[in-house]
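S.K.: Assemble the whole structure, with the sequences as input and the hints as a guide.
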Amino acid sequence: MKHFVALAAVMAAGLSFAAPASAQSDPRYSSPDQERARFEAARDRFDREYRIFQQAADRYAQYSDWLAHAPPPPRIDIRDEGDYEPSRYYRPGSSERVLSADDRVYRGQDGRYYCKRPDGTTGLIVGAAAGGLFGNVISSRHSGTVGTLLGAIAGGAIGNSIDRNNQMNNQDVRCR
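Sequential numbering of the sequence shown, starting at 80, is according to my numbering.
Honestly, the hints are just simulated from the structure, not real lab data.
Every residue, glycine too, gets a C-beta built ideally from N, C-alpha and C.
Treat each hint with caution, since some may be false.
Ranges of calculated distance between the beta carbons of each label pair, as one might list FRET restraints [stated by the list, open to error]:
(1) P153 - V205: 49 to 57 Å
(2) P151 - Y185: 24 to 32 Å
(3) V205 - F132: 56 to 64 Å
(4) A147 - A236: 55 to 63 Å
(5) I217 - P153: 50 to 58 Å
M.R.: Listed below in structure tokens is the structure:
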């Protein structure tokens, strides 16, 4: 029995090596006409795809040539607010204020000139944050929240007034 199993194992191993060799001699795979036809079909497919690629490359080259001679894009101001009408934001009794280098002047639909004025929001935010921190630090241990809130309110009011006052102290040009 032992010899039979060993002989069967050797025969199975031998057949597994012989299978690829027998497949190569199969007439389905070794016909020169079929090999040539398969090669020509692959070559034709490659040629078609290469022509499509060349056409796309030519279209791209024509487009990039057009871009090279295209006029430059118009200059756009990133601060432009196309529909800004300044007369909507001014009250009849608005006081004069001094222009700074960062201010922008607009001509309204009524023919008058207006300047877009900052509203002190930056000072309000910075003052509220600093006041909240300061209020939390100086408040007693049990009322940290109350100290933070009161400090933020006071700091916001002070920061807003300082920001507006700094805008008024420049003495160059006045705007209404």
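S.K.: For each hint, tell me whether it holds in the structure or not.
M.R.: Now the hints, each set against the structure:
no., hint, result
1, P153 - V205: 49 to 57 Å, "violated (37 Å)"
2, P151 - Y185: 24 to 32 Å, "holds (27 Å)"
3, V205 - F132: 56 to 64 Å, "holds (59 Å)"
4, A147 - A236: 55 to 63 Å, "holds (59 Å)"
5, I217 - P153: 50 to 58 Å, "holds (55 Å)"
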